[in-house]
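Peer 1: Here are the chains, one letter per residue:
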Amino acid sequence: MSELGSIAILLSFFITLYSLAVSAVAARTGNHALALSGGNGLLSVAFLLIVAVCCLVYELVTLDFSLRYVALNTSTDLPIIYRITALWAGQAGSLLLWSFILSLYVAFVVLRTRRNSTAPYVNAVLCAVSLFFLFLIAYVEDPFGKLGTVVGEGRGLNPILQNVYMAIHPVTLYVGYVGITIPFAFGIAALLSGHLGDEWIRNSRKYALFSWMFLSAGLLLGARWAYLELGWGGYWAWDPVENAAFMPWLSATAFLHSVMIQERKAMLKKWNMILLITTFFLSIFGTFITRSGIVSSVHSFARSDIGPIFLGFMIVILLFSFSLLAYRSKDLRSEERFDSILSRESAFLFNNLLFLAAAFSVFLGTIFPILSEAFTGKKILVGPPYFNTVGVPIGLVLILLMGIGPLISWKKASVANLRRNFVFPAVVFLAVLLALLVFGMKEPVALISFALCGFVASTVFLEYFRGLRVRTARGENTLLALFNLVLRNRRRYGGYIVHLGVVLLVIGITASSLFVTQKEVVLGKGDSFSLGRYDLVFRGVHYISNDAKDGFSAEFSIENSGKNVATIYPEKNIYKYEGNREINQETEVALRSTFRDDLYLILSEVDVSGRVNVRALLNPMVNWIWAGGVVIVLGATIAMWPERRRKKEFSA
Amino acid sequence: MKAKLKFIVPLVIIAFLISWLVFAGVRDSMVYYITVEELLEDVPDVYGQKVRVSGTVVHGSIKNELDESLQFTMADGKEKIDVEYDGVIPDIFTDGVEAVVEGSISTDNIFVADLLLAKCPTKYESDEARYQRKKG
Numbered sequence: 204m205s206e207l208g209s210i211a212i213l214l215s216f217f218i219t220l221y222s223l224a225v226s227a228v229a230a231r232t233g234n235h236a237l238a239l240s241g242g243n244g245l246l247s248v249a250f251l252l253i254v255a256v257c258c259l260v261y262e263l264v265t266l267d268f269s270l271r272y273v274a275l276n277t278s279t280d281l282p283i284i285y286r287i288t289a290l291w292a293g294q295a296g297s298l299l300l301w302s303f304i305l306s307l308y309v310a311f312v313v314l315r316t317r318r319n320s321t322a323p324y325v326n327a328v329l330c331a332v333s334l335f336f337l338f339l340i341a342y343v344e345d346p347f348g349k350l351g352t353v354v355g356e357g358r359g360l361n362p363i364l365q366n367v368y369m370a371i372h373p374v375t376l377y378v379g380y381v382g383i384t385i386p387f388a389f390g391i392a393a394l395l396s397g398h399l400g401d402e403w404i405r406n407s408r409k410y411a412l413f414s415w416m417f418l419s420a421g422l423l424l425g426a427r428w429a430y431l432e433l434g435w436g437g438y439w440a441w442d443p444v445e446n447a448a449f450m451p452w453l454s455a456t457a458f459l460h461s462v463m464i465q466e467r468k469a470m471l472k473k474w475n476m477i478l479l480i481t482t483f484f485l486s487i488f489g490t491f492i493t494r495s496g497i498v499s500s501v502h503s504f505a506r507s508d509i510g511p512i513f514l515g516f517m518i519v520i521l522l523f524s525f526s527l528l529a530y531r532s533k534d535l536r537s538e539e540r541f542d543s544i545l546s547r548e549s550a551f552l553f554n555n556l557l558f559l560a561a562a563f564s565v566f567l568g569t570i571f572p573i574l575s576e577a578f579t580g581k582k583i584l585v586g587p588p589y590f591n592t593v594g595v596p597i598g599l600v601l602i603l604l605m606g607i608g609p610l611i612s613w614k615k616a617s618v619a620n621l622r623r624n625f626v627f628p629a630v631v632f633l634a635v636l637l638a639l640l641v642f643g644m645k646e647p648v649a650l651i652s653f654a655l656c657g658f659v660a661s662t663v664f665l666e667y668f669r670g671l672r673v674r675t676a677r678g679e680n681t682l683l684a685l686f687n688l689v690l691r692n693r694r695r696y697g698g699y700i701v702h703l704g705v706v707l708l709v710i711g712i713t714a715s716s717l718f719v720t721q722k723e724v725v726l727g728k729g730d731s732f733s734l735g736r737y738d739l740v741f742r743g744v745h746y747i748s749n750d751a752k753d754g755f756s757a758e759f760s761i762e763n764s765g766k767n768v769a770t771i772y773p774e775k776n777i778y779k780y781e782g783n784r785e786i787n788q789e790t791e792v793a794l795r796s797t798f799r800d801d802l803y804l805i806l807s808e809v810d811v812s813g814r815v816n817v818r819a820l821l822n823p824m825v826n827w828i829w830a831g832g833v834v835i836v837l838g839a840t841i842a843m844w845p846e847r848r849r850k851k852e853f854s855a
Numbered sequence: 553m554k555a556k557l558k559f560i561v562p563l564v565i566i567a568f569l570i571s572w573l574v575f576a577g578v579r580d581s582m583v584y585y586i587t588v589e590e591l592l593e594d595v596p597d598v599y600g601q602k603v604r605v606s607g608t609v610v611h612g613s614i615k616n617e618l619d620e621s622l623q624f625t626m627a628d629g630k631e632k633i634d635v636e637y638d639g640v641i642p643d644i645f646t647d648g649v650e651a652v653v654e655g656s657i658s659t660d661n662i663f664v665a666d667l668l669l670a671k672c673p674t675k676y677e678s679d680e681a682r683y684q685r686k687k688g
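From first to last, the protein sequence lines are chains P and C.
The numbering used here puts the first residue of the first sequence at 204, with every later residue one more than the last.
The numbering used here puts the first residue of the second sequence at 553, with every later residue one more than the last.
Derived from the structure by calculation, the hints contain no laboratory data.
Treat the hints with caution; some may be incorrect.
Taking beta-carbon pairs under 7 Å as the criterion, some of the chain P residues facing chain C (in silico) [claimed, not checked]:
no. : residue
1   : I544
2   : S564
3   : T592
4   : V593
5   : T790
No more than 25 Å apart at the CA atoms, straight line, and that leaves these computed lysine-lysine pairs for DSS-like [to be verified]:
no. : chain 1 : residue 1 : chain 2 : residue 2
6   : P       : K468      : P       : K533
7   : C       : K632      : P       : K581
8   : P       : K468      : P       : K615
9   : P       : K779      : C       : K632
If you're wondering where the values come from, they're calculated on a predicted model, not measured in any experiment.
Beta carbons: idealized from backbone N, C-alpha and C, even for Gly.
Next comes chain P alone, as it looks inside the complex:
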């Protein structure tokens, strides 16, 4: 099967090269047959890469240790599911996955845009991006490369990667990263062809939203994985690899908002191109950071040869895209101007600037060690305090804008408009603030953050309420009215749901980062300690032994005002398997999770007499973060759900 896989990859590379050539010619000459041929080439590439991925999965599942990739990432005792997910555990496999996901997107685009006059331009750009990744897997990091020596056992997969979140988080993130390529291709095709209307935005908006949704979900799944598996009590550490995925998310969020201005007002055209190029650049940069090991991270990297190639590719992207943009610059003038600073346009503009500023400061913080080494010869890191100092104020203003943007009027807001829309949210803001002060909360950041969340939630509520009132006045019952309201204007009301999800997320992040209580205790059997509203009683250590691991689990009864509410078992395990001796320990945290707080127990040490050292954390409202993620995905899905056919809409 490995020969078949290699052949499929090589063929993909050459067919893509062919498609690039004929698409370019078709774009210049308008030759329809050539355009079609280029598109068909890309369809066949998608098929070939499906074959290649299947081959690699087959080799991983059947454990063909003659292949380097298989030997390095699997072992005989690895369950089937993790043999499959080993596809993205290593470098070559990840790059194959990148190309594969891209080819699926491309096939979808080719099938949907066959009749568009700009299709060959779009295809040519997509070919160029695909070629880069196909070149890497065909010539630099061959997933089907031979190991060279005969081995009876593979190196295995790190136990902390054997987790359901780790199985889905990378793919989710990749679907997001890779998807950015599609709007980028549409944008560049518009620049190349000179068809600079908003057609390219209409054609690519949903792909942008789709990728954004996957980026969001991927980031949160990664955070959840870190929270459950890394066992330090938190979910986000401003690690370079985390930042790498966060940056394109920030600029993609800015882009999703500013395209609305271009659609409605034909403004910000150049700006949108800049955002799009930036987002694509950041998604490649993210892959580069994760894959090249240029910045050291908790997730350590391969020191591989692909660093310089990536760097070259990124420089080409920037030079090519921005010179093209400069060339078309005069055709991208806005048709309208900003009239007033109190308008929806300027709320969006400030939203954009702040998102970009946030992306830039994360970028700066991430590459700071490289910059400082280049300029001063000394490696200087900036830690989480840097990101918090910069990020928190920007984040708070963005939340404020999230409340203002949807309600303020276009062009120029009148006093009447402001009064009509903002009196209620402002009252809610003050009410939340006062209530929290009365309950004794003193943390200024938390006070502002929660009050702003109240502000935004009430604007969303107001918008729903108004929409509903119009419908119920016509005699629809409330539930039906709600259903129809969302159905008829999915982008708008789906967008509001996303905003609500963000509110939940922000509440969770604020509470869980500012109000953690933690304790480290040494306990003998029968000892107890209290943490917040809970009392924890240590019931003793159990010894675990099975085929895969040896370990200890400590039994804890959780009591709340004298009543036993749960029993949890933090564990410390030693994996038996020989193939991956370097990493054989795994601390499995125990969690009792409610919407009020998470009780998080880490078993640090067990001694021979059965005493334990335990670190316990009470993290408030972490579940709100995950709930916010679910709501965001729901809202985004509604916003991009295809509109029904006209005929049905009338009969509905």
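Given chain P's structure and the hints, the job is docking chain C onto it.
Peer 2: Same frame as chain P, now just chain C:
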């Protein structure tokens, strides 16, 4: 002109504020990333100063008693320092791994760390050499 000015002024203010945040953030959180050798060269200037140091955990040096903080020795070439740390120990922290600690060195030449990271060798594969070594 007046209309434009209305935008330019707030934009300049925002740009200024953000630059100031970035500057303040860098100033307050910057940490030199050095090796054990560089750390010891800077003694005594470096006493009490917050730094991040990388090195390899010396085989057999890890002491982790229930009631005490974690102690180990970190080496880099010929130079060594003793490290003391209170906090969550990463699973992959063991003899021979590359560790990164952040904290400061006290006058009795013990490095008191408030952050401990260990480099994870298999998140992404490193090289075949590692594999071969494991076999042999």
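Peer 1: With reference to the structure, classify each hint as holding or not holding.
Peer 2: Status of each hint after checking the structure:
Below 7 Å, beta-carbon pairs count as interface contacts, and I544/P has one with chain C at about 5 Å; its hint therefore holds. Checking S564/P against chain C by beta carbon gives a least distance of about 5 Å; that is within 7 Å, so the hint holds. Because the beta carbon of T592/P sits about 4 Å from the nearest beta carbon in chain C, less than 7 Å, this interface hint is met. For the restraint placing V593/P at the interface with chain C, the shortest Cβ-Cβ distance is roughly 5 Å, inside the 7 Å limit, so the hint holds.
About 6 Å separates the beta-carbon of T790/P from the nearest beta-carbon of chain C, less than 7 Å, and the hint is met. Note on K468/P and K533/P: the hinted pairing holds, with a Cα-Cα distance of about 18 Å set against a maximum of 25 Å. For the hint pairing K632/C with K581/P, the CA-to-CA distance comes to about 21 Å; that is within 25 Å, so the pair holds. For the suggested pair K468/P and K615/P, the alpha carbons sit about 13 Å apart, so the restraint of at most 25 Å is met.
Taking the CA atoms of K779/P and K632/C, the gap is near 32 Å; set against the 25 Å cutoff, the hint is violated.
Checked against the numbered hints given earlier, the structure breaks only hint 9 and satisfies all the rest.
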